[in-house]
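Enquirer: Chains as they are written, first to last, in numbering that gives the first Met the number 0: chain A, 0 to 280; chain B, 0 to 531; chain C, 0 to 338.
It is possible that part of the hints are untrue.
When the alpha-carbon atoms are kept at most 25 angstroms apart in a straight line, the in silico DSS-like pairs for lysine-lysine are as follows [what the hints assert, rightly or not]:
#, chain 1, residue 1, chain 2, residue 2
1, B, K401, B, K362
2, B, K124, B, K188
3, B, K422, B, K321
4, B, K160, B, K124
5, B, K278, B, K529
6, B, K188, C, K53
7, C, K53, B, K203
8, B, K360, B, K339
9, B, K422, C, K53
Please keep in mind that the hints were generated in silico from the structure rather than gathered at the bench.
What you are looking at is a predicted structure, and each value in this text was computed from that prediction instead of being measured.
The residues making up each chain are set out below.
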Amino acid sequence: MRERLATAAYVLRANPVSLAALALLALLFGAALFGPALAPYDPLATNTSLALRPPSAAHWFGTDQLGRDVFSRVVVATRLDLAIAFAAVALSLAIGAAIGAATGYFGGFADAAVGRVVDVLMAFPLFVLAMAMVAALGNSVSSVVIATAVINLPFYIRLARAETQMRRHLGYVEAARVGGSGHLRILRVFLLPNIAPPLIVQASLNLGWAVLNAAGLSFIGLGVRAPTPEWGIMVAEGAQFIISGRWWLSVFPGLALMIAVFAFNLLGDALRDIVDPRSRT
Amino acid sequence: MRRRDFMALMGGTAAMGVLPARFGQAQTRAESLRILSEAGPNSLDIIGVGVNRNSIQATWNVYDRLVRFTSKPGPGGTLYYDYFALEGELAERWQVSDDKRSITFHLRRNAVFHDGSPVTAEDVKWSLDRVVSLPVGKPQFATGSMTDPAQFEIIDAHTIKVTTPKPDRLTLPNLALTYPVIYNSKVAKQNATAQDPWAAEWLKSNVAGGGPFKLDSFQPGQSLQLSRNDAWTNGPLPGYRRILWQFVPAAQSRRSSLERGDADIVQDVPPVDAVSLSKDDKLKVVGVPMAGAFQFIGMNNAIKPFDNVKVRQAIAYTLPYKQMFEAALFGRGRPLFGGKPGAPETTEFPQPLGYDTDLDKAKALLAEAGLAGGFETTFTFELSMATIAEPLSLLVQEALGKIGVKVTIVKAPAGQLGTMLQKKEVPFFFEASAAYLADPDYFFRIFYHGPTRWNFGSYSNAEFAGLVDKTRYEPDQAVYEKDVRRMIHLAKDEVPIILLWQPTLDTGMQKSVDGYKYQFHRQLELRTLKRV
Amino acid sequence: MNVLLRRLLGVVPTLAGVVVATFVLTRILPGDPAVFFTSSPSADAATIEAVRQKLGLDQPLWRQFVIYVGALLRGDLGQSITTGQPVLTDLLQRLPASAELTIVAFALAVAVAIPLGVAAALRPGSLVDHLCRLIATAGVSLPTFVTGLLLIYLFYYLAGVAPEPMGRLDPFATAPPRLTGFLLIDALAARNGEVFVSAARQLILPAATMAIFALAPLARMTRAAMIASLGSDFVRTARANGLKWRTIVVTYALRNALLPIITTLGMVFSYMLGANVLVERVFAWPGIGSYALDALIGLDYAPVQGFMLAMAAIFVAINLIVDIAYSIADPRTGLFGHA
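The shape of chain A in the complex, shown without the other chains (with noise of 0.2 angstroms):
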């Protein structure tokens, strides 16, 4: 532990970008806790006589065409934005290392049928896979976070198999074995442990993808519901408006969805950094 501490230190201090990310982190999550707080104005209240206003001292951001605080609305959203992408991420990150550790442990007829599931989901074009899930689910934040997930799933599962079969005739996996425990214990004590920082990393590098998403998602009209501030939603409710100049509806929303992004994959990159050194890129 203290050795990954020590790299961290040095990754850190190596990669000034690193740095830059954790920076952009720490108000990605400032605004995610206090966001409501920090609000200058009620991110719902509308005033429709101050509706497109361009960006002014009074109004950051600008106005929206129900004269809402676009700069409210952006700071507001972050947190829901934020807990989707990470509700997802960890969902098929928990379902898909046990389904995958399982079937790379045991092998035989469930690893060939999960093998084909996981195939025939990856043949989906996912975004729309995504699309038609939340549809059938139903337009929730909650059908958001499922849909997400389960279109992740695949990879997790296929990590978690293939580092678990990479280990699981180990030394140390063999001599647990001799040593009487079950497979449900070797699994949890000497399997899952080890596989964890790869799908870990894997799961950083997600978040960000899991925004973008999420927030696509809701761009098309499928997702949350307004009028909750979301990124995805602000972006297309503010897209008819770009035609005529009125950039400021949606260019806002559009670059926090940036910033959280490129914050999370610069994590995502740092911690691949920190666990497996070599891959570095």
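Could you slot chains B and C onto chain A? The hints should help.
Expert: Same frame as chain A, but now just chains B and C:
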């Protein structure tokens, strides 16, 4: 087929390849009309499952009916269909029997189909039989007491009699609607099969009619071309020889092509564009409040708390109508809010229900209903109406918050909302609909009565239901009007649904286009259009 | 060839799985098509039942499935109710629009990403390398719908150099006679320079939008593969033997780096084809993505099923092509059985 191919067809333009497009256009402009709409027909058979409104525009102009609505003056020198004055189209004249149960139609002797064969009573019978034999057509004809082919009886080659079990004032207008087009039955039968006796498959993409226009070509998703049927004698010959109708999904593109003078008529103009286009002096925008069409806030009267009339009234007094009207439609429409409460002044419906924003009254009513603390509910609207419904629902949410009603907004795709309405699962929602026939009892029968999803409020009131049944066949006009007034009074007092407004149908056109006629189906009538 | 055949057969269960999954997915969509398509206010419950029968939805699910699979085996993807056309016709009409966009975007991405990745790998730690790293991370952080809108704002609204972001062609330009459905190719075939330019202008912004997104993984993978390959023994040997640097880089290093790059290319391409929906929405592009979305919302089952199946088939085909390309680049994989 796009513009250049189109002009190559028009003769005298064979050497045009080297000339700029606009030059060629000037030569044929006077005779041809270029229409742009958002989407095109998805079928040329109007009686089918899922047939869209653009199909009406196609079939309306290539087929004739027995009778048609005459015109009366509309806004800005345009024409407006006159629901209460019909004239013959394929029928030269008709007479109603003394017991008012049957109508005998005498066909025009010189009427012919596009292939030159004469229009006979047999064709008319086949066409009317077809309406009542197909599942989609039957319920519409049933509103005019026509349900059985035996009701259509051939007297001789040019005479046909329609008999109904009871005298029904809706029989004749039903024959002027979109379904009872008259087919060339010989041609259609040749293309029928044992599984498909009504040639539905073939008529989807082919025309067997005798209307004022012939179908030249139809490229689904792209364009449709018509040319005038010069042998048409069932009315004044249309002003344009050729019609090029293209489907351009983006409103912005339709608009800019109208502004550049490339298009003659642009349909489906969004409210915001209608406002700005009408300021352009080179163009005109005809905005007609759509008869029979209405947008409204629905409340499910069968479930709490909307079963309480006081709650419904409280909501009707809360809504910020004027802001909603501006935000949703930029004021393009005829308000159904405001007006005087109580006894109605006319028998026309929809009409304003007599509610205006009055928060004190609303709070008092809610307190009387025992809900002074408010309640929670959801407000649903359909995804495809988002440009109108989104700002509107936010205003509804905000306003109701002021009387303590907490509203969660739900967006549902059209298919879902329809099903939920059918199952009567939606408590509170925004929707829009329209009735073709202008009789107020017809309106109430569909939208305020019965178990269908069209009874949007799930309204059930014994007196009202009794009046709906009573007015159906009421022969005495005075009694009818008295009953209708009572129904309107109830609709205003009990507000099963809150009518908001009748939206405007906005059509943009060049100044040179004249003779625009607003039809009940809201699609273009090409018979009357001409160039000035 | 045996291996190839077995590989082809292995595709069948995957496609069968897709068929079953899409069928189930459409049937659990909330909403009843019979109600939805019975849109006339005069309709009553009996009409809805009649319509249900007409749509074949009155049958038990297993029979619907049998009928669907039967039609599928005859090459019939069913009818779209919304467009009134056979689904196959619709797909063939719209697929070229999506494919043209994807291919151009893909070519753009490859043209930038591979040289960039190679340059970064040749000088690790240099300015080019940092640039590559930044582009690779920033590129995937850009949601395509935001990039698209930004490009529209910059190049259409502010600079006025791009055409209106609506569709594949100026709506009033004449489309060339349809040969392939790829407007650029059809315009060339018709020797119509004007249309070619118009189509290319419409294409640039959406293609750039997609390319920016696709660039990142390609550049990253090229760089990684090149670094690995440059550090390998045979490159060192080649250098020791005094071969020209250029020859080493192009002939030895790049060739060996190709394998992972090809895999990434395949993945990126099929991902792009599926994720088109968002870009198609932003640019009003008449492709299959927006077709599927409309069908999904409009409860039109056949197009949704047809689209999913077509996309899965394309995905599988691309994987196969990648495998073949793989075995050409590296005969040891032995897809052609001469290992």
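Enquirer: Hints first: check each against the structure and report whether it holds.
Expert: Hint check:
1. B:K401 - B:K362: The hint holds at about 9 angstroms.
2. B:K124 - B:K188: This hinted pair holds, its Cα atoms lying about 13 angstroms apart.
3. B:K422 - B:K321: 32 angstroms, violated
4. B:K160 - B:K124: This hinted pair holds, its Cα atoms lying about 9 angstroms apart.
5. B:K278 - B:K529: With Cα atoms ~23 angstroms apart, K278 of chain B and K529 of chain B stay inside 25 angstroms; holds.
6. B:K188 - C:K53: Measuring from Cα to Cα gives roughly 21 angstroms; hence the hint holds.
7. C:K53 - B:K203: Given pair K53 of chain C, K203 of chain B holds - Cα atoms ~15 angstroms apart, limit 25 angstroms.
8. B:K360 - B:K339: With Cα atoms ~16 angstroms apart, K360 of chain B and K339 of chain B stay inside 25 angstroms; holds.
9. B:K422 - C:K53: Within the cut-off at roughly 21 angstroms; holds.
Violated hint: 3 only; the structure is consistent with all others.
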